[in-house]
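There are 2 protein chains.
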Amino acid sequence: MRSAMTDASPFHSTGEVLDWLSSRNAASPFSVEPIPLECVDGWSFEESTGNLVHKSGKFFRVEGIRVETNAGPVARWEQPIIDQPEIGILGIVAKEFDGVLHFLMQAKMEPGNPSPVQLTPTVQATRSNYTQVHQGSRPPYVDYFLDLTRATRLVDQLQFEQASAFLGKRNRNMVVLAAGGVPVLDNFRWLTMGQVKQLLRIPNLVSMEARTVLSCIPLVANGCDSASAPPAPAGEFGRALFESMLECGQAMHGDDEVLSWLADLRCRYELRIERVPLRTVDAWSRDRFAIAHDGGRYFSVVGARVEATSREVARWDQPLVKSVEKGLIGFLIKRIHGVLHFLIQAKVEPGNVDILSVGPTVQCVLGAESVSDPASWPPLADLVVGAPAERVRYSCTQAEEGGRFYHVENEYRVVELPADEDAQLSDGYCWVTLRQLNDLLRHGYVNIEARNLLGCLSLI
Amino acid sequence: MRSAMTDASPFHSTGEVLDWLSSRNAASPFSVEPIPLECVDGWSFEESTGNLVHKSGKFFRVEGIRVETNAGPVARWEQPIIDQPEIGILGIVAKEFDGVLHFLMQAKMEPGNPSPVQLTPTVQATRSNYTQVHQGSRPPYVDYFLDLTRATRLVDQLQFEQASAFLGKRNRNMVVLAAGGVPVLDNFRWLTMGQVKQLLRIPNLVSMEARTVLSCIPLVANGCDSASAPPAPAGEFGRALFESMLECGQAMHGDDEVLSWLADLRCRYELRIERVPLRTVDAWSRDRFAIAHDGGRYFSVVGARVEATSREVARWDQPLVKSVEKGLIGFLIKRIHGVLHFLIQAKVEPGNVDILSVGPTVQCVLGAESVSDPASWPPLADLVVGAPAERVRYSCTQAEEGGRFYHVENEYRVVELPADEDAQLSDGYCWVTLRQLNDLLRHGYVNIEARNLLGCLSLI
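As given, the protein sequences belong to chains P and F, one line each in that order. Note that the first sequence covers residues 261 to 720 in my numbering. Note that the second sequence covers residues 261 to 720 in my numbering.
If you are wondering where the hints come from, they were derived from the structure by calculation, not from laboratory data. Nothing false has been slipped in among the hints.
Only some residues are given here: those of chain P computed to face chain F with a beta carbon under 10 Å:
1. Met434
2. Leu522
3. Arg702
Derived coverage of chain F by chain P (criterion: at least 3 residues anywhere in the stretch with Cβ under 8 Å from a Cβ of chain P; other residues may be distant):
4. 415-421
5. 510-519
6. 523-532
Backbone N, C-alpha and C fix where the C-beta goes; we use that ideal spot for every residue, glycine too.
The shape of chain P in the complex, shown without the other chains:
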């Protein structure tokens, strides 16, 4: 928490970090050119299925699925999906300097990023990356996450990624406290949590990977022992977050009641996923340059040729997922009996491993809703989009994983409703405190959209 309250660091001011990221952008010229899918080097369409696969069998595959569910207006559809069963590591190395925890962040270029270089975790490594025999080619710092003698694990959770586009893909989200000295390589900098949170107010600067790891770090170590609680932040919203994290018995619904709400919905909602060959996926077609929806909606899969200097390989081809529309990810929050509550939504998505996950109040990502057409908005979106400025607690555009997604951006928003305003809720929604939401998150219930928005919240 001390790190979260510190926006100055002995190493660099936040302004200096911004300059550094700009200079990395300037120093890393690169281009992304669309190329025909059949020309994507190393990738091909499987003869029998039309699935898009890499010749090594690694990375990921684009396949088709048939979805059947009773959880929404559409009972049955087919769509392409990305299958990437390997569990990778997203990890940040932390170390205390002058009594304040600092986090080793990396400037890293990804082809799909709107601003090419973003601030990412110390390590992003697939399993194939870090298990390779030849020690020298392993990603730097990865041993801090694998070797318990080099660091203590502060956070170590398996968390799922976009369930609208991935079939059960997850990464191990880790924060480790280094035991000894940590060399600072080129492209790496020590930042306090407060500094990272400041950078999260600038669009598209902090990567999706960083946001999900940050969301796993509780804003305040929770527990009901008020004697050991640290002093509250001075700002009104920071204090409200702090109190919602430390509440004890003041939540609108008890913890068991929240689990009961989820158990009930899991019994009522059905979700059947069947793999089908990509070639036969209904309402989607493939031309030379893209696998796309016949109605021009949702997303498309395209081929890209990347030329860059800041990556291990200076030139490569890869498929990327392009979204048709910008998305919206929003939490409605409200003080209930004086304590800040978050409105969570049970979200049934094809990539969910157990029918549903806990999502933000509003989420339209790679989805059926169009931000430009209010008639198509999902429930409560109007309250998130149309809120007066003094009710908006957070608002920023953030990009999704630039290693898979091409310029996929979401508007992230947190809007506080007046305490006396009642939103009309169906039973797919539930008000919970930040302590409860954090507890659900630790156990893997919370989807990446909700997590990444939570990761943007700051005590200062």
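Please build the complex by placing chain F on the supplied structure of chain P, with the hints as guidance.
Here is chain F on its own, set in the frame of chain P:
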């Protein structure tokens, strides 16, 4: 907790409950005859796959699976498995009498029970049971679990069943507190928790379904607030359980460390399940009377004709799963820094939805190990089986679900190691307190074998 400390009830002594169960047994004569599988009424083998299915498509199906894993000595095998995707309800209605919570338990016959009539929850209902349109034929009391105006939900958790025999089967484990009067039908009795726990010391009397629901009721409401803690039980073992449930920060491993242990194993263990036609399952064959393992091990699926009086239908046929050997389910426990810890094991089983679950220290159910041949015992089994009597905290034979399993019995044991005795542990094991184990259980990590043994623990 008051109910758990009360072994006398204003309604019936425990002796009277035993007499009642005996009289139900006497009043419910029934027979179970083996019949050829092809004669099992309503069931047949699917033409194309050889899978055993019911003509209605309901109940369950016996299919084949191919298992590939790196988690044990056998990397690849095939086996029959029961597919029953419907989520049912296992529910107990509770009500306070004279300030003590009582639980409405049912005397119920199942064909596979070693003693035909067992004490079961108030309601055992499949989804088809309780969603049927004709109100009159719904199971009695089921509305207490579905209608929030009739009762408050104290426990409401989705919990998985045997992952060695079922493909992701789970039930909703519920305890509800009735709001008004509750009629007591024939075959039902009010018991205190203390009385049920006493009956759990008698072999094969309390059903699997009752044990799993009981395991979801914390022995003591947990929390670190020592001011509000109830007085400790007088008995030494009861007090040790009580303290392990209320510990706060005295656990050998922090809560996040336990989650990290699980995350690490989930990354290292692989489990791939592929459905295959039952007909082609390797090393298993079907003759007229059974689907059985060629080596005569594990389990078999047989046909049974049941004639009985205490069920809705007086005569019916069904397939049953018969096990070849008795199983062993055991916890090693030990005081660490004065606090009782339980040795949990990460268990990779084919029916697991997320690779592994938290199992007891020792579990050999429908498995490869033979109780009669110590050379085949899994790690630590010798400590559980060979413990001197004064170290055995619980020991009883319990039967598994008699509606699916025919006379499948397990020896349930809890053995306390001396505080200074170190067991040799691989990294698939971890010591946790009862508070931690209960927290894992609430979130669905703990398998039915471990849960059902925990359900047998008593404060008195």
